[in-house]
Amino acid sequence: DAGITQSPRHKVTETGTPVTLRCHQTENHRYMYWYRQDPGHGLRLIHYSYGVKDTDKGEVSDGYSVSRSKTEDFLLTLESATSSQTSVYFCAISESRDRAYEQYFGPGTRLTVT
Amino acid sequence: DAKTTQPPSMDCAEGRAANLPCNHSTISGNEYVYWYRQIHSQGPQYIIHGLKNNETNEMASLIITEDRKSSTLILPHATLRDTAVYYCIVSPRDGNKLVFGAGTILRVKS
Numbered sequence: 011d012a013g014i015t016q017s018p019r020h021k022v023t024e025t026g027t028p029v030t031l032r033c034h035q036t037e038n039h040r041y042m043y044w045y046r047q048d049p050g051h052g053l054r055l056i057h058y059s060y061g062v063k064d065t066d067k068g069e070v071s072d073g074y075s076v077s078r079s080k081t082e083d084f085l086l087t088l089e090s091a092t093s094s095q096t097s098v099y100f101c102a103i104s105e106s107r108d109r110a111y112e113q114y115f116g117p118g119t120r121l122t123v124t
Numbered sequence: 067d068a069k070t071t072q073p074p075s076m077d078c079a080e081g082r083a084a085n086l087p088c089n090h091s092t093i094s095g096n097e098y099v100y101w102y103r104q105i106h107s108q109g110p111q112y113i114i115h116g117l118k119n120n121e122t123n124e125m126a127s128l129i130i131t132e133d134r135k136s137s138t139l140i141l142p143h144a145t146l147r148d149t150a151v152y153y154c155i156v157s158p159r160d161g162n163k164l165v166f167g168a169g170t171i172l173r174v175k176s
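Protein sequences, first through last, are from chains P and L. Numbering-wise, the first sequence is residues 11 to 124 according to this note's numbering. Numbering-wise, the second sequence is residues 67 to 176 according to this note's numbering.
Chain L on its own, in the form it takes in the complex (with noise of 0.2 Å):
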């Protein structure tokens, strides 16, 4: 599976737009960019995901280069509950063996 690369922290005023970046240059045809992200002591929770066009839900939006070597999610809005680790993870479709990386932890700031 590809390995992603992503900042260890960031900081965003509330309100503002969140942009996470995250570097996968190794990522494969068939892979997946999937985001999800743990706010302190709960269990991670799914964002969105894609494989080469932009995605966008109620929660985020995903952006992905072209050459689909990184990514950036958005959060158009955010609040001091967004705070959390936000995790990049490149695998196939069928990925039953997700692989967490140490992520980016956001720090959303009044």
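For reference, chain P alone in the conformation it holds in the complex (with noise of 0.2 Å):
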């Protein structure tokens, strides 16, 4: 398996708090992205990173926001968490451009915001 860690695997907040997610990877890869999984929506990306520093906005990137300052660590945060927050979140990474495609993805994070 990819060497991808999600902490926490599971949270509970309440509406109003922010929350941080974070992604670690020991691949050294470039690409990070983070989704959301939601019954009857699928995965849909929220942002994704291309390298330190470089974000770009997915699907449903409103009320979330990323940081990437080290290649290993990818930071997700809801600045002020809602109930139409609550889904299971899950990291991903790619090597590059080129294999963009090939994503793996860690086990994800259980968020519920109540």
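For the record, the hints were derived by calculation from the structure and aren't laboratory data. A couple of the hints might just be wrong.
[Claimed, not checked] Below, simulated DSSO-like cross-link-like pairs (lysine-lysine); rule was C-alpha separation at most 27 Å, straight line:
{"#": "1", "chain 1": "L", "residue 1": "K69", "chain 2": "P", "residue 2": "K67"}
{"#": "2", "chain 1": "P", "residue 1": "K63", "chain 2": "L", "residue 2": "K163"}
{"#": "3", "chain 1": "P", "residue 1": "K67", "chain 2": "L", "residue 2": "K163"}
{"#": "4", "chain 1": "P", "residue 1": "K67", "chain 2": "P", "residue 2": "K21"}
{"#": "5", "chain 1": "L", "residue 1": "K163", "chain 2": "L", "residue 2": "K118"}
{"#": "6", "chain 1": "L", "residue 1": "K175", "chain 2": "L", "residue 2": "K118"}
{"#": "7", "chain 1": "P", "residue 1": "K80", "chain 2": "L", "residue 2": "K163"}
{"#": "8", "chain 1": "L", "residue 1": "K135", "chain 2": "L", "residue 2": "K163"}
{"#": "9", "chain 1": "P", "residue 1": "K63", "chain 2": "P", "residue 2": "K80"}
{"#": "10", "chain 1": "L", "residue 1": "K175", "chain 2": "L", "residue 2": "K163"}
Take the two lone chains, each set in its own frame, and fit them into one complex as the hints suggest.
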């Protein structure tokens, strides 16, 4: 398995509180992604990064911000969590632009916003 | 990006080949066909990809029709551990924005 870890694996938080999810990789891959998965919607891309400090928005980026200060870490922040952000969040990595299709996913973080 | 159509579910007997179809009639010339699967509660797993030639790896085979409007993922000897949702995705090679649809739920039964 690709060396991808996500923390925390489960979190329950209250509406209005800030939340940061961490994705850590040991593969030295250039590209990193954050997805959310909800019943009836499948996997949707939130943000992605194509290098240190280089990020771009995905399909559902509103309410989320990201940061990547090191190759190995990609942080997803919910500045003020809402119940609609209750979801399972997956981080993924890929080696390069030419191999962006070959993404390796982490185990996921289950976030519940009450 | 081209859209894909997959059957919502399929059953397969353990030890038999599982053939999962995907229609992508609007695929354009620079778009590849990718397959992923997601076993319950786990992150998606990349399986295989192809442009126009048939492809095979240790997990599966991918058969793409000559007109590229459809493809079939073949798991040659399905096991219970292959029970998962299988996603067919069409995207350019530099597909940072893979779009996952509903996929096909494959149930392998003993």
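Which numbered hints does this structure break? Violated: hints 6 and 10.
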